[in-house]
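Novice: Chains as they are written, first to last, in the UniProt record's numbering: chain A, 1 to 455; chain B, 1 to 160.
Quick caveat, the hints were computed from the structure, so don't treat them as lab data.
Nothing here was measured: the structure is a model prediction, and the numbers come from that model.
For glycine and all other residues, C-beta sits at the position ideal for the given N, C-alpha and C.
Since no wrong hints were added, every one of them can be taken at face value.
Some but not every residue of chain A turned toward chain B, in silico, with C-beta under 7 Å:
id : residue
1  : A28
2  : T36
3  : G259
Here's the letter readout for the chains.
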Amino acid sequence: MELRKEYFADERKDDLKEIGQPRLRSDALGHVTGTTTFFADRNLPGLLHLKMVRSPHHHARIRAIDLSEAGRHPGVVRILTADDVPHNVYTILTLIQVGPEDETVLATDKVRWKGEAIVAILADSERAAHEAAERVKVDYEVLPAVLSIDEALAPGAPIVNEYHGQNYYRYDSGESRKVRFGDVEAGFAGADHILEQTYGSGPIEHAPTETTGCIVVPEGSGRYTCYTNTQAMFFTLDNTSIILQMDGAKLHMVGGTVGGGFGGKVDVIVEPIAILGAKLTGRPVSFIYSREEEMQISSPRAAEKLVIKDGVMRDGRIVARYVKAYIDAGAYSRHSPYGAQKSAAHFPGPYTVPNVWVDSHCVYTNRTPSSAMRGFGVTIGDFALEVQMDKLARLVGMDPLEFRFVNAYRDGDMKAHRQPTEGAALIECMQEAARASNWPVSEKYLQMSSARREG
Amino acid sequence: MKKVPVQFTLNGEDKAEFVESGATLLKALREKIGDTSVKAGCQQGTCGSCAVIVDGELRLSCLTLAERCDGAAIETTGGLAHGEVLHPLQRAFNEGFATQCGFCTPGMIMAAKALLDGNPQPSREDVVEAISGNICRCTGYEPIIQAILAAARANSLSAA
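Chain A extracted, bound-state conformation:
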């Protein structure tokens, strides 16, 4: 593809040493020779294998846990329950003052999603750990579950997470993150057309080829070396320190080599319990998700529901945009309150709309906790927005690309969340896209610039 250098020519430097030059990846030689060391590429004498006993129910009270048969199973070295975890109720984003703590490392009185961890088996072999896990008897009282955003927010819905008290996250701004700009009702009143549509998405699993896991080695120094494929070394270090009530100096996280992450390895799930296992047994511990666990247990991208209502003029100008966004956090917060906040800030998209109203809600359901994934809180919103843009263009009889030129944000425009637009390049990207794809666009749009408005 031809590199068009006329765009932003005055901002370009062509004498840079590295930018614009092909450079081999520093890690690729290890990859192609099979010598890159991933966390699991270690054989340690005395290694224990950790296997989780997980809830088969979406929502249930735990009446009793019987470990007697599992404890007698050959090869079992130790069984961990909630009582063994020093600070069992935690939330990852407590590090940036997002609370309350709302999730258990190991379940105590309740499970809130199918797959929730209850008991950790440590055994000499993977096989012994699996067999013992099947011998743990948990007495459940199954509770009614909410499995969608609409069910969660319906009047009288069962409460998913008592640490919140209602099935949504309560921000300092109230039941949602809010953006208020201009007068959206006046905008609708003056619009030639109004279009309201609802968009939905399901959870999406990252499916990295390397599953989530870690191997922990108790060192003679009293420290614990944790070989991990986390994408968030310091989140892991600090949250583990909190959960285990252990000085951070005793925790040595070794990582940085991740066999595919895409956001799926930013939660702090495997490390604290594996380090606890190493502490209580004095032996190295391996906790590696099976492929089934990776697909079912690791947090996916959140399901979302988006209601978008737009007022548009016959000449193509969008004069009002109203968005109700709902992000399905699953049973626990993890990174979703932040995702819903990003979602609010992202609307109304890369378009200049004078009247904007956004409510973005983080909703709790009895589903697998969702968390980070490439542009979480934003990507699904963009899907919905751009489908909506096509529908609006059809409504006013305009070409969909020309419709976007009319509404594109440009330098100096005030965005709905009160950040002035700087360094916009949407116009230029669309001009180049039109040229590259031979999409016919009226000459006046090809003369537009992000740097200034015409006339």
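The hints should help you fit chain B onto chain A, whose structure is shown.
Specialist: Frame of chain A, contents of chain B only:
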């Protein structure tokens, strides 16, 4: 658990081990022999990360019993380079940006080698078919396909 003696060559070197009856070749290579170039991605035959070559044929080591490999010649990506001299496939993957996270790479290279060993000048369709059992979640496959075709061209040049 009953132990079974197994002897095979790995990248031309003699190996002898006692493995648990029923143990996979994947486990034997990684945990007994210490060849961690073979990756455990799914351990259910769906991702191709553990692919190796057994007696000239591409095999998923997670679905192959170690005890069935007695007397076999096994090749892995860990044995492909000669010192610092890379195999043409390794060179092409490196220079063609065909790796990102690198986890699928050893299995992908084995699938490609099995192809080129039997079909030195494959078509693009042949390449796509040959790596159809190997999942890559980073690259979108195109750089991998291009790297394999580049390695085939390099082979034909060096043969000429």
